[in-house]
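Colleague: Put together the whole structure using the sequences plus the hints.
Number of protein chains: 2
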Amino acid sequence: MQNKAPIGLFDSGVGGLTILKALQVVLPSENIIYFGDTAHVPYGNKSKTAVTKYSTEIVKFLENKKVKFIIVGCNTASALALPSIKKIAKVGLLGVLMPAAKQAVKTTKNGKIAVIATQATVNSNSYKNTISKLNKNLKVYQFACPLLVPLIEDKKLLKTLLPTMLKYYLAPVKKCGADTLILGCTHYPIIKNQIAKMLGSSVKLIDSAHNTALETKNILAQKKLLNTSKTKAKIRAYTSDAPKHFETLAKAILNQKSIKAELAK
Amino acid sequence: MQNKAPIGLFDSGVGGLTILKALQVVLPSENIIYFGDTAHVPYGNKSKTAVTKYSTEIVKFLENKKVKFIIVGCNTASALALPSIKKIAKVGLLGVLMPAAKQAVKTTKNGKIAVIATQATVNSNSYKNTISKLNKNLKVYQFACPLLVPLIEDKKLLKTLLPTMLKYYLAPVKKCGADTLILGCTHYPIIKNQIAKMLGSSVKLIDSAHNTALETKNILAQKKLLNTSKTKAKIRAYTSDAPKHFETLAKAILNQKSIKAELAK
Numbered sequence: 002m003q004n005k006a007p008i009g010l011f012d013s014g015v016g017g018l019t020i021l022k023a024l025q026v027v028l029p030s031e032n033i034i035y036f037g038d039t040a041h042v043p044y045g046n047k048s049k050t051a052v053t054k055y056s057t058e059i060v061k062f063l064e065n066k067k068v069k070f071i072i073v074g075c076n077t078a079s080a081l082a083l084p085s086i087k088k089i090a091k092v093g094l095l096g097v098l099m100p101a102a103k104q105a106v107k108t109t110k111n112g113k114i115a116v117i118a119t120q121a122t123v124n125s126n127s128y129k130n131t132i133s134k135l136n137k138n139l140k141v142y143q144f145a146c147p148l149l150v151p152l153i154e155d156k157k158l159l160k161t162l163l164p165t166m167l168k169y170y171l172a173p174v175k176k177c178g179a180d181t182l183i184l185g186c187t188h189y190p191i192i193k194n195q196i197a198k199m200l201g202s203s204v205k206l207i208d209s210a211h212n213t214a215l216e217t218k219n220i221l222a223q224k225k226l227l228n229t230s231k232t233k234a235k236i237r238a239y240t241s242d243a244p245k246h247f248e249t250l251a252k253a254i255l256n257q258k259s260i261k262a263e264l265a266k
Numbered sequence: 002m003q004n005k006a007p008i009g010l011f012d013s014g015v016g017g018l019t020i021l022k023a024l025q026v027v028l029p030s031e032n033i034i035y036f037g038d039t040a041h042v043p044y045g046n047k048s049k050t051a052v053t054k055y056s057t058e059i060v061k062f063l064e065n066k067k068v069k070f071i072i073v074g075c076n077t078a079s080a081l082a083l084p085s086i087k088k089i090a091k092v093g094l095l096g097v098l099m100p101a102a103k104q105a106v107k108t109t110k111n112g113k114i115a116v117i118a119t120q121a122t123v124n125s126n127s128y129k130n131t132i133s134k135l136n137k138n139l140k141v142y143q144f145a146c147p148l149l150v151p152l153i154e155d156k157k158l159l160k161t162l163l164p165t166m167l168k169y170y171l172a173p174v175k176k177c178g179a180d181t182l183i184l185g186c187t188h189y190p191i192i193k194n195q196i197a198k199m200l201g202s203s204v205k206l207i208d209s210a211h212n213t214a215l216e217t218k219n220i221l222a223q224k225k226l227l228n229t230s231k232t233k234a235k236i237r238a239y240t241s242d243a244p245k246h247f248e249t250l251a252k253a254i255l256n257q258k259s260i261k262a263e264l265a266k
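Chains as they are written, first to last, in the working numbering: chain L, 2 to 266; chain S, 2 to 266.
Hints are supplied without guarantee of correctness; some may be wrong.
For identical chains, the list gives no copy identity; a pair is met inside one copy or between any two copies.
[To be verified] Each computed DSS-like pair below joins lysine-lysine, with the alpha-carbon atoms no more than 27 Å apart:
| id | residue 1 | residue 2 |
| --- | --- | --- |
| 1 | Lys198 | Lys160 |
| 2 | Lys266 | Lys88 |
| 3 | Lys193 | Lys160 |
| 4 | Lys266 | Lys61 |
| 5 | Lys205 | Lys235 |
| 6 | Lys157 | Lys113 |
| 7 | Lys22 | Lys156 |
| 8 | Lys134 | Lys231 |
| 9 | Lys157 | Lys129 |
| 10 | Lys137 | Lys198 |
In case anyone wonders, no lab produced these hints; they're calculated from the structure.
Modeller: The structure is reproduced here in structure tokens:
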């Protein structure tokens, strides 16, 4: 019975839909409940206390929906709130930081890893600390890119401004000499190709979405919680503010035409 | 006794501090309580329901602090929530829309007024409707500039990107032929000089901060609520998320070095 229960996945807004997409590829039979905390979006400029409070409420909401596992599909929430919400969660929890950090550690050849993320994620030093625990000899360079999320959400302006903005944000990434760059925010995979083009093939990009989906598969298999049913998987989405803006954004920036969200109560 | 009571002023974040500055010039004797709703910032991409809920809670908070009058120092909240909160407020309320609209109607010579604002303010058509009520023969052109607020809050990137971004956002303003432009967001006065430079002297800029301060003075005088005391005015600030980020921003973008905020409870 529990195998058929949905996976819960949450983010401050639409960014976590990049993980939903990856889950649909890696675990096509799994039912998923997505929660976009659009009443509080963005998390990237909020405090640890605030992000922990919002994440705690969402975990309770998802547990009420009888999820079997929860993915914290937001880098800021993973960085700031994961230790606290692990203490209260009744089901298994996975953040996006560890899968990305593990992949980066495997990938780097020169021992230098760069991370681009929101201001809050950078301030938390979570990527730095997580990578250090895996291998304390690696160097980690963190760069906050506070304007990338709003730019990605404005599709028209994106075309005009992205080259200038990436040139500005990626200059210190190039300068630090890292051969591996973690895209430390779930919005960034949307502009992965443009980042790759600007950095060239000598810098490998780590996209937390795909690695988180793979890690979820491993964990569910270990816990014997994989859904082996052949019936079509159900995706449900909830938002904490009116769903319309969320649905429009999901369509515009992620081509998710079929996403219909309900207002969470 | 009530004359010495403070004026309440709120915004989603630091933007409303432009009004605080104007109040300090126009009404230097008035005590002020500022509320920055940093747990929900920005309002510009939130729904009417959400913004009304947040504004209602803030009005109650300010009334508990015994304010004599409340300024809705945020264009989005004025556009979306003012009619609802007027129903519940026990003290007088003033939004930033009407003072700016009145000034624009007085200023225009060719009958064409442009407004730049957040997406939510534009969607609400509040400026269009307010101006129509004052003079239905005027033409109003509204333009959403969703990236201006996050850019203004990133002082380093501002220097690099503002010319490109203003060129993009102001092109349709120039094209519509308006001779008057309302800066329909409390952040925009911070980049007033750059906007003026790009549009030239044929377009007059309407800054809601100064006009709102003047209108507040008129209303308080009519109600016999002006503070005529000679003791130094007290400014207190509260935020709904941890105050540190608010204080840093206030210092960086508004040069408000002395602003210390408390977490609202």
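Colleague: Does each hint hold? Answer for all of them.
Modeller: Consistency of the hints with the structure:
no. : hint            : verdict
1   : Lys198 - Lys160 : both (15 Å within a copy, 25 Å between copies)
2   : Lys266 - Lys88  : both (24 Å within a copy, 25 Å between copies)
3   : Lys193 - Lys160 : both (14 Å within a copy, 26 Å between copies)
4   : Lys266 - Lys61  : both (12 Å within a copy, 23 Å between copies)
5   : Lys205 - Lys235 : neither (34 Å within a copy, 55 Å between copies)
6   : Lys157 - Lys113 : between (35 Å within a copy, 26 Å between copies)
7   : Lys22 - Lys156  : within (19 Å within a copy, 35 Å between copies)
8   : Lys134 - Lys231 : neither (40 Å within a copy, 61 Å between copies)
9   : Lys157 - Lys129 : between (34 Å within a copy, 24 Å between copies)
10  : Lys137 - Lys198 : neither (30 Å within a copy, 52 Å between copies)
In the structure shown, a violation is registered for the earlier hints numbered 5, 8 and 10, in ascending order.
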